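Given the structure of chain E, go ahead and fit chain W onto it with the hints provided.
For the protein sequence lines, the chains are E and W, in the order given. 1 is the number of the first residue of the first sequence in our numbering; add one for each residue after it. 1 is the number of the first residue of the second sequence in our numbering; add one for each residue after it.
Honestly, the hints are just simulated from the structure, not real lab data. Treat the numbers as computed from the prediction; the structure is a model and nothing was measured. Backbone N, C-alpha and C fix where the C-beta goes; we use that ideal spot for every residue, glycine too. Any given hint could turn out to be false.
[To be verified] Facing chain E, from chain W, some residues (calculated, C-beta under 8 Å):
1) Leu34
2) Leu49
3) Gly128
4) Ala131
5) Lys245
[Said to hold, decoys possible] Rough simulated footprint, nothing fancy, chain E against chain W, three-plus residues with beta-carbon under 8 Å:
6) 77 to 83
7) 87 to 93
8) 100 to 113
9) 251 to 260
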Amino acid sequence: MTFTPPPTRTAVGDAFAQAGMLLSFTASTVAALGRTVARRRLAWRDVLEQTWFLASVTTFPSLLVTVPLGVVVALNVGSMAGQLGAEGYGGAVVAFVVVAQASPLICALMISGVGGSAVCADLGARTIREEVDAMEVMGIPALERFVVPRLIAAVVVTTLLACLVMAVGIGASYGFQTLVLGDSPGAFLSSLTEFSRVEDFVIAEIKAAAFGVIAALVACFKGLTAKGGPSGVGDAVNEAVVLAFILVFVANTVLTELYAAIVPARGAY
Amino acid sequence: MLAPVLHLPARAARPVVDGFAGLGRHSTFYARVLAAVPTVLVRHWRHVLRHVNDISFGSASLLAGGGTIGVVFAMSAVASTQIGLEGYRGLDIIGLSPMTGLMSALVNTREIAPVVASVALAAKVGTGFTAQLGAMRISDEIDALETMAVPSVPFLVSTRMAAAVLAVVPLYLVGLFASYAATSLAVVQLKGQSSGTYDYYFQLLLTPADVGFSLLKAVIFAVIITLVHCGHGFHATGGPEGVGKAAGRALRTSIVTIAIVDVLLTLTIWGTQPTLPGVGA
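Only chain E is shown next, with the shape it has when bound in the complex:
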């Protein structure tokens, strides 16, 4: 399985060629996933190793980003709600901003920025040293051996990380609002529980899983198609990060709108 871009002359042609290759790469990966599961030859050790690796590089930075974010949410909402005479409204906002929006997005930034760049660098270096071709010659398909374990690992890590980010984000927002801004803890907690919904949590987890899939596929695709020596690997990482960020932001809007159309908003303050 090789993915060589056809020679194109125009930027538009190149963009379409890349998009088409990414789609066909996705389809081949799904087929490879089905094959490995059906024939029971999923590389469990690789899955575990990749999961551990991704979790160890993304967890701490995600939490370091989440705490300031919780503070920013509390700060902006607190000021607004206080002036509009809606104290305790902070809990309601945290319920859907941190849970449904911020936690999947932070996971996505970390998994595609930090995890994805490491995956892309690893696979890119193997590609330009022709290790991947050598494995294909020996009858070990790169998609089954490299891409499928990384895809599974990314999904597992993002879904678990999203929960952690939610807990820390809500905690930071609550702590800042009650301890620093001096709002009532009871009002915060009651509006938090009133406006929290299981559906919000479920869609956040679905989003996180989708972002994990996007990050893993883009990083593996760019890594396996890297060419041109050391600077080629660097360029592949650069393009993988940019492409994954854009796709994740677009997917976030699409999923949020689909969700809003399917599940109507609940309750009035």
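For chain W alone, kept in the frame of chain E given last:
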């Protein structure tokens, strides 16, 4: 017999010492970069202009946004569409959905636009810097420069720093425009709010001072991004894979730093009890 035991404290302390050594090495690097910026503006201004062009338009494929200006525009627009939709939903539950315009004027200007544009800048320009400098480092081009008596830090890094600060102002203003346009479009077209109501609250809460502070935030973030990403690229080791790993580490460091500095700047500029301009009280 006693020797391995005596080595234990030294071994335990090694990560800490290494951490401090890395911190010191990067801080010295940052100081040298910043100190040389005035010199390169005079001596290497052609390179600075060339980097400004690379940063703004770049040579990336169209699929990856086609240059930084496209990436910043796209990410700001998509993120601010969310602000419009979520802000409408949030204000709707307290019956204040006509005031969604204030979300755009306040949250976009103060937080979302600077942070999102900077994350886009870090992803596109920052990892590009790491990739370029890292490739030069591992193919010994930086050592070659030093051998030819060209001071490598000013020539390679300070020129990029000057170019990034020059380029970020128009880039950020494009991003801010995209944010305002996307939020307005989302609220007026998708949610069906009257555009007059939206514009009234938007203009009531948008002050020139806030836009200035927002631009200041973006410039500070651009300086941080350039320092962090160039530092990781300049000190890259470990072959092609090392360059890619350095790009990932740089991105992690810059995103975390941006998040923390953002809160500190928000607290410094607007205080712990920010007030809404124009709403009274």
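Hints, one by one, checked against the model:
Taken as an interface hint, Leu34/W does not check out: its beta carbon lies about 24 Å from the nearest beta carbon of chain E, beyond 8 Å. Hint on Leu49/W is violated. Least Cβ distance to chain E is approximately 22 Å, over the 8 Å limit. Annotation: interface hint on Gly128/W holds; nearest CB of chain E at approximately 5 Å, less than 8 Å. Interface restraint check for Ala131/W: the shortest CB-CB distance to chain E comes to about 3 Å, inside 8 Å, so the restraint holds.
With its C-beta approaching chain E no nearer than about 5 Å, Lys245/W sits inside the 8 Å limit, and its interface hint holds. By the rule of at least three residues with a Cβ nearer than 8 Å to a Cβ of chain E, the coverage given for the stretch 77 to 83 of chain W holds, with 4 such residues. Residue count for the stretch 87 to 93 of chain W with a Cβ under 8 Å from a Cβ of chain E: 4. That meets the three needed, and the coverage hint holds. Residue count for the stretch 100 to 113 of chain W with a Cβ under 8 Å from a Cβ of chain E: 5. That meets the three needed, and the coverage hint holds.
For the stretch 251 to 260 of chain W, the stated coverage by chain E holds: 6 residues have a C-beta nearer than 8 Å to a C-beta of that chain, and at least 3 were required.
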